[in-house]
Amino acid sequence: MLFQNLQLNIDEKRAFRLHMGYMAIEGIILGVLALNEFVFIKSLLGTNYQLGLLFQFSMVVFLFLILINEFIKRVKNRKRMLRLVAIFTRLPLVLLLFFPGAISTILANNYYHYIYLFLFLIYFSGNVVIYPNINFLLKTNYRHQNFGKLYSYATTLNKVIMLVVTFAYGYLLDFDNFAFTWVIPIVAVLGVLSVFILSKLSYPIEQQVNPSKSILASVKDSILETKGILVHNVPYRHFELGFMFYGLSFMISVTVITIYFYDALNLNYASVAFYRNAYNIVAILLLPFFGKLLGNIDPRKFASVSYASIAAYIFFVLLTDYFPASFVFADITVYYTLLFYILFHGIFAATMVLLWNIGSAYFCKPNEAGTYQSLHLSLTGFRALFAPLLGVLFYEMFGFAATFLMAIALLFMAIGLMVWSYRKEKKQRQIK
Numbered sequence: 486m487l488f489q490n491l492q493l494n495i496d497e498k499r500a501f502r503l504h505m506g507y508m509a510i511e512g513i514i515l516g517v518l519a520l521n522e523f524v525f526i527k528s529l530l531g532t533n534y535q536l537g538l539l540f541q542f543s544m545v546v547f548l549f550l551i552l553i554n555e556f557i558k559r560v561k562n563r564k565r566m567l568r569l570v571a572i573f574t575r576l577p578l579v580l581l582l583f584f585p586g587a588i589s590t591i592l593a594n595n596y597y598h599y600i601y602l603f604l605f606l607i608y609f610s611g612n613v614v615i616y617p618n619i620n621f622l623l624k625t626n627y628r629h630q631n632f633g634k635l636y637s638y639a640t641t642l643n644k645v646i647m648l649v650v651t652f653a654y655g656y657l658l659d660f661d662n663f664a665f666t667w668v669i670p671i672v673a674v675l676g677v678l679s680v681f682i683l684s685k686l687s688y689p690i691e692q693q694v695n696p697s698k699s700i701l702a703s704v705k706d707s708i709l710e711t712k713g714i715l716v717h718n719v720p721y722r723h724f725e726l727g728f729m730f731y732g733l734s735f736m737i738s739v740t741v742i743t744i745y746f747y748d749a750l751n752l753n754y755a756s757v758a759f760y761r762n763a764y765n766i767v768a769i770l771l772l773p774f775f776g777k778l779l780g781n782i783d784p785r786k787f788a789s790v791s792y793a794s795i796a797a798y799i800f801f802v803l804l805t806d807y808f809p810a811s812f813v814f815a816d817i818t819v820y821y822t823l824l825f826y827i828l829f830h831g832i833f834a835a836t837m838v839l840l841w842n843i844g845s846a847y848f849c850k851p852n853e854a855g856t857y858q859s860l861h862l863s864l865t866g867f868r869a870l871f872a873p874l875l876g877v878l879f880y881e882m883f884g885f886a887a888t889f890l891m892a893i894a895l896l897f898m899a900i901g902l903m904v905w906s907y908r909k910e911k912k913q914r915q916i917k
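Heads up, the sequence shown is in our numbering, so the first residue is 486 and it goes up one at a time.
Hints may be right or wrong, so weigh each one.
Stated by the list, open to error - Straight-line alpha carbon distances no greater than 25 Å define the calculated BS3-like cross-link-like pairs of lysine-lysine that follow:
(1) K698 with K911
(2) K561 with K786
(3) K558 with K850
(4) K634 with K712
(5) K558 with K786
(6) K685 with K498
(7) K712 with K850
(8) K634 with K850
(9) K685 with K786
(10) K685 with K911
(11) K777 with K850
(12) K850 with K909
(13) K561 with K685
(14) K685 with K558
(15) K564 with K712
(16) K850 with K911
(17) K498 with K850
(18) K911 with K705
(19) K850 with K561
(20) K558 with K712
(21) K777 with K498
(22) K912 with K705
(23) K561 with K777
(24) K909 with K712
(25) K558 with K705
(26) K561 with K634
(27) K698 with K777
(28) K498 with K634
(29) K685 with K909
(30) K698 with K712
(31) K564 with K777
(32) K564 with K685
(33) K705 with K786
(34) K698 with K786
To be verified - What follows is a set of in silico ranges between Cβ atoms, one per label pair, in the way DEER data are often shown:
(35) L701 with R628: 49 to 57 Å
(36) Y807 with G586: 38 to 46 Å
(37) S811 with F660: 49 to 57 Å
(38) F879 with L770: 31 to 39 Å
(39) A810 with H629: 25 to 33 Å
(40) F814 with T590: 29 to 37 Å
Because the hints were derived from the structure by calculation, they are not lab data. Even for Gly, the Cβ is constructed at its ideal location relative to N, Cα and C.
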């Protein structure tokens, strides 16, 4: 029935099935990793700066995307490449099976914290290859009119599964704080399986080329190409500048919110699973709507909605310090102010998952989507060099309130830029 309503061709139907399979398994993985930072600070008793590094690793790897992208262009068998990347970057997490099950042993041997960080650095490095290929594969397998809708449906499935898994994992961790030592190795195996499914998507034949230039020369050309994009594609430049303000705000606040949940609110795993996950219910309900909306309005207007929603949810986290009323239900501590955090976080999740992954594709031709997304992710890696640790530093110097207010101020700057950019271009079109 879904295929009939969307009027998909045979290739799109096959791609959609594979996409749904991939997103279903990734939902399990993301459901577990949603609590990863809290596991590190609560079960492993990692420091605030180590926690900042754990989040930083998930983003900073994209800084090397231009170099990796040139290497990928030289690979004729991308399916084999994706599978090897999955094996070498995701399977090492199986080594967590050998972690001790007692915090006393962890604290007596601090190298366990660094082993944990290193294993996840390896894991996140695989995303440098996997994520750009997702955007590239879907853009070449889906027609433009179906792109946003199909992506939102697959993401909805992903969110539903993530919702169930995170809650279950949270209760499991409250029962056994070291359950991660066997749950994450299972996730490692599933991570390989999901990429194997993704690799079955069709690749355009013309991508299998033999470059005449060296990798370094091609990297130089790519840097010049991305510079040219930012110089000449003014709407996209404004879009990425707005993303820079948003990204700084997000990276500054996300680690500090985790610290706030642990140090200020003293939440258990079930409560954190609730706050890190309940917003997905809102996101699931809104994703189909926002998927259609993104295809019908300028991405800069769409971005303003997303940025406003994260500013709102950070604001309600801030308010919790001043209005700490709460009640306990099913071993979950529910703060009234954080119910609004969940609401606006749901709007943010539904909009940002679309904007971050496919927003840049709306500023270019289909065959340029990979280049634009690579630039987008490289800029993400750049701000990850300093923003997460800057957030921890700012918190330790000035406290939670000042850090959250700074994050909100950056978001208002991003919104202002998006509104100004859209209106300026609209006025120029009217003059012409």
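Can the restraint linking K498 and K634 be considered satisfied, given a maximum Cα separation of 25 Å?
Holds, because 13 Å separates the two Cα atoms, which is no more than 25 Å.
Pair hint K705 and K786, alpha-carbon separation not exceeding 25 Å:
The hint is violated at about 33 Å.
Check the hint pairing K558 with K705 against an upper bound of 25 Å on the C-alpha distance.
It holds: about 14 Å lies between the C-alpha atoms, which stays within 25 Å.
With the threshold set at 25 Å, check whether the alpha-carbon distance from K558 to K712 stays at or below it.
holds, 19 Å
Using the beta carbons of F814 and T590, state whether their distance is inside 29 to 37 Å or not.
holds, 35 Å
Mind checking the alpha carbons of K909 and K712 for me, to see if they're no more than 25 Å apart?
holds, 22 Å
Given the hint that K698 pairs with K777, test it: the Cα-Cα distance must not exceed 25 Å.
Violated. K698 to K777 sits at ~41 Å, over the 25 Å cutoff.
For the pair F879 and L770, does the Cβ-Cβ distance stay inside 31 to 39 Å?
holds, 35 Å
Below or equal to 25 Å on CA atoms is what counts here, so check K634 against K712.
Violated, at about 31 Å.
Verify the proposed pairing of K498 with K850, using a straight-line Cα cut of 25 Å.
Holds, at roughly 23 Å.
So if I understand the rule, the pair passes when the alpha-carbon distance is 25 Å or less; does K634 with K850 pass?
holds, 18 Å
What's the verdict on K912 and K705, does the C-alpha distance respect the 25 Å limit or exceed it?
Violated: K912 and K705 sit about 36 Å apart, past 25 Å.
Figure legend: structure checked against the earlier numbered hints; hints not met, in rising order: 1, 2, 4, 5, 9, 10, 15, 18, 22, 23, 26, 27, 29, 31, 33, 34, 35, 37 and 39.
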